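S.K.: Respectively, the protein sequence lines represent chains A and B.
According to the working numbering, the first sequence is numbered sequentially starting from 9.
According to the working numbering, the second sequence is numbered sequentially starting from 5.
No wet-lab data here; the hints were simulated from the structure.
Treat the hints with care, as some may be off.
Distance ranges between label pairs, derived from CB positions [unchecked claim]:
| id | chain 1 | residue 1 | chain 2 | residue 2 | range |
| --- | --- | --- | --- | --- | --- |
| 1 | A | Phe187 | B | Leu135 | 33 to 39 Å |
| 2 | A | Leu188 | B | Pro78 | 31 to 37 Å |
| 3 | B | Ser84 | A | Asp92 | 42 to 48 Å |
| 4 | B | Gly71 | A | Ala94 | 17 to 23 Å |
Sample of chain B residues facing chain A (criterion: CB under 8 Å; computed from the structure) [to be verified]:
| id | residue |
| --- | --- |
| 5 | Met5 |
| 6 | Ile13 |
| 7 | Ser40 |
| 8 | Tyr63 |
| 9 | Phe64 |
| 10 | Tyr86 |
| 11 | Gly89 |
| 12 | Leu99 |
Predicted model only: the values in this text are computed from it and were never measured.
Here a beta-carbon is modelled for each residue, glycine too, at the ideal position from N, C-alpha and C.
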Amino acid sequence: MNWIYEPWPWYVSGPVIAFIMLLLLLVGKNFGMSANLRTLCTVCGAGKNTAFFNFDWKAQRWNLVVVLGTIIGGFIASQYMTTDLAVAINPETIATLKTLGFESAGAQYLPIELYGNNVFSDPKNIFILALGGALVGFGARYAGGCTSGHAISGLSELQLPSLIAVIGFFIGGLTMIHFLFPLIF
Amino acid sequence: MRTLIYLVIGILFGITLFKSEAASWFRIYEMFQFQSFKMYGIIGSSVVVGLIFVQSIKYFKIKSFYGEEISFTPKNKSFSRYMYGGIIFGLGWALAGACPGPMFTLAGAGYLPILIVAVFAVFGTFLYGLLRDKLPH
Chain A
9 MNWIYEPWPW YVSGPVIAFI MLLLLLVGKN FGMSANLRTL CTVCGAGKNT
59 AFFNFDWKAQ RWNLVVVLGT IIGGFIASQY MTTDLAVAIN PETIATLKTL
109 GFESAGAQYL PIELYGNNVF SDPKNIFILA LGGALVGFGA RYAGGCTSGH
159 AISGLSELQL PSLIAVIGFF IGGLTMIHFL FPLIF
Chain B
5 MRTLIYLVIG ILFGITLFKS EAASWFRIYE MFQFQSFKMY GIIGSSVVVG
55 LIFVQSIKYF KIKSFYGEEI SFTPKNKSFS RYMYGGIIFG LGWALAGACP
105 GPMFTLAGAG YLPILIVAVF AVFGTFLYGL LRDKLPH
């Protein structure tokens, strides 16, 4: 049973994610996490003056339950199924990250420079996290889906729009890491 | 009962995201540096297995557990919304190191600053809703 405490290899994780998509299809739903961000806008009352958010959010309640499960799953996995939180990334990657000031590379699950609790008193890091989140939310809805809806479901359905979106994800991601990171960090 | 099924599916998803390390900012950075196969293996194998599932559902006309037909809606044909939206999403994905699924997983794992990312992801979605009619689609 020791394997359960270790990081799961890709050939376990990938098929399990596909199985999650299958389960959702078999209960008559579909796999898409970013749709919940729109639902949350509506729950907060955004439908009053914006047509895009004026829909019956209760029809999306099932997906909010999936979100709740995802939160609980993160708790269970981190508290009871992991002994060593360090992510063993490539030593070259660790070296590059250290030059950018990420001393926690290779020793943590998330960089404490960005996700440690002391960032709440650091305006620059709050701005970085806020900007990252806003881009994710804006981009996912503009593209009509995120990693789950486009990269996993859409590509599994051989949908061309999803392939275009995934190419876009990579253009954006590569631009951020190779051209913008040196300016930001 | 149905609610319980959604909850169990979500829990399985949250555990998998965390244990696969797909929810780790470091793995996302490493992926965009092309210095590990892991993320490509996760996404690639889920697409290959997912493809087999979806094609089987279509070929054998498999119905849902409740006897309803499983339908796949073709996404609207367009280039600009998928490309522009995708690029904006990718910029945020690489910066925050989290996409909408892992955001919630990390909140459950107790990383409180991820809540800043999540709240602003909702705000970004709201901003899109406001500007939607002015954007090329």
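S.K.: Go through the numbered hints given earlier and state which of them the structure violates, listing their numbers in rising order.
M.R.: 1, 4, 5, 8 and 9
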